Amino acid sequence: MATAFRIRSQTPQYRWRIVVIGGLTMAGAHAMLLHRLDAGDFTPDLFSIFALYVGLFASRHGRYTPSLVLGLIRDFFSIGLLGSYGVLYSLLHKVAERARGKLDPERPLNVFLMALTGTFLVNFGYHAMLVIAGDGIGWTRALARCASIAIASAPFAVALFPLFHLGLDTLRVDRQGGYWNF
Numbered sequence: 000m001a002t003a004f005r006i007r008s009q010t011p012q013y014r015w016r017i018v019v020i021g022g023l024t025m026a027g028a029h030a031m032l033l034h035r036l037d038a039g040d041f042t043p044d045l046f047s048i049f050a051l052y053v054g055l056f057a058s059r060h061g062r063y064t065p066s067l068v069l070g071l072i073r074d075f076f077s078i079g080l081l082g083s084y085g086v087l088y089s090l091l092h093k094v095a096e097r098a099r100g101k102l103d104p105e106r107p108l109n110v111f112l113m114a115l116t117g118t119f120l121v122n123f124g125y126h127a128m129l130v131i132a133g134d135g136i137g138w139t140r141a142l143a144r145c146a147s148i149a150i151a152s153a154p155f156a157v158a159l160f161p162l163f164h165l166g167l168d169t170l171r172v173d174r175q176g177g178y179w180n181f
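Quick note, the sequence shown lines up with residues 0 to 181 if you use numbering that gives the first Met the number 0.
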């Protein structure tokens with residue numbers, strides 16, 4: 000019982016540095032590297048992968064706000080509706096929390112499935128918000144586009160999650176019970 004109390008009252012380490020620098024790094028990588036590949040709709044969604052990582056591995060007492068901030072950073076760099084990714088990433092962290100109870104996020108197959116589902120739902124939800132605003136691209140095209148983004152993102156998640164773990168371990172962020180204290 001004393002251990003649980005200590006974990007809960009422990010302040011997060013480097014939370015805002017990790018979230019803001021991670022979000023800006025994802026924006027830079029997406030803008031400078033991935034768009035130059037000219038892969039069309041088959042482009043991985045690095046922001047959603049990072050938001051899924053935060054939803055799965057951040058401290059249980061503080062995942063909502065970092066997910067919301069990541070969404071707002073992405074909203075700032077996107078042309079679409081302001082606040083939409085903030086809402087979607089807030090929902091993604093709730094879904095990731097429930098998926099973590101059923102699937103072990105340390106196994107690559109589970110990471111692949113969670114990233115596939117999570118990136119599809121985020122991108123399809125964004126398209127649904129665009130449709131409400133009158134700027135959609137059609138449901139069939141949106142399904143195909145969201146599926147191709149999800150298929151491109153899932154292998155990246157399998158490769159990036161161990162790198163994120165390594166980065167947090169290098170920063171000496173505490174990890175107890177499978178959750179990083181950030």
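The set of hints was computed from the structure by calculation and includes no laboratory data.
It is possible that part of the hints are untrue.
Cβ-Cβ distance ranges computed for the label pairs, FRET-style [claimed, not checked]:
no. : residue 1 : residue 2 : range
1   : G135      : T169      : 22 to 28 angstroms
2   : L142      : L90       : 17 to 23 angstroms
3   : D134      : P154      : 26 to 32 angstroms
Given the structure is predicted, the values throughout are model-derived calculations rather than measurements.
From the three backbone atoms N, C-alpha and C, an ideal C-beta is built for every residue, glycine too.
Distance restraint evaluation - D134, P154, Cβ atoms, bounds 26 to 32 angstroms: Taking Cβ atoms as reference, D134 and P154 lie about 30 angstroms apart, which means the hint holds.
Satisfaction of the hinted span 17 to 23 angstroms by the C-beta atoms belonging to L142 and L90: holds (19 angstroms)
G135 paired with T169, Cβ distance criterion 22 to 28 angstroms: violated (43 angstroms)
The structure shown violates just one earlier hint, number 1.
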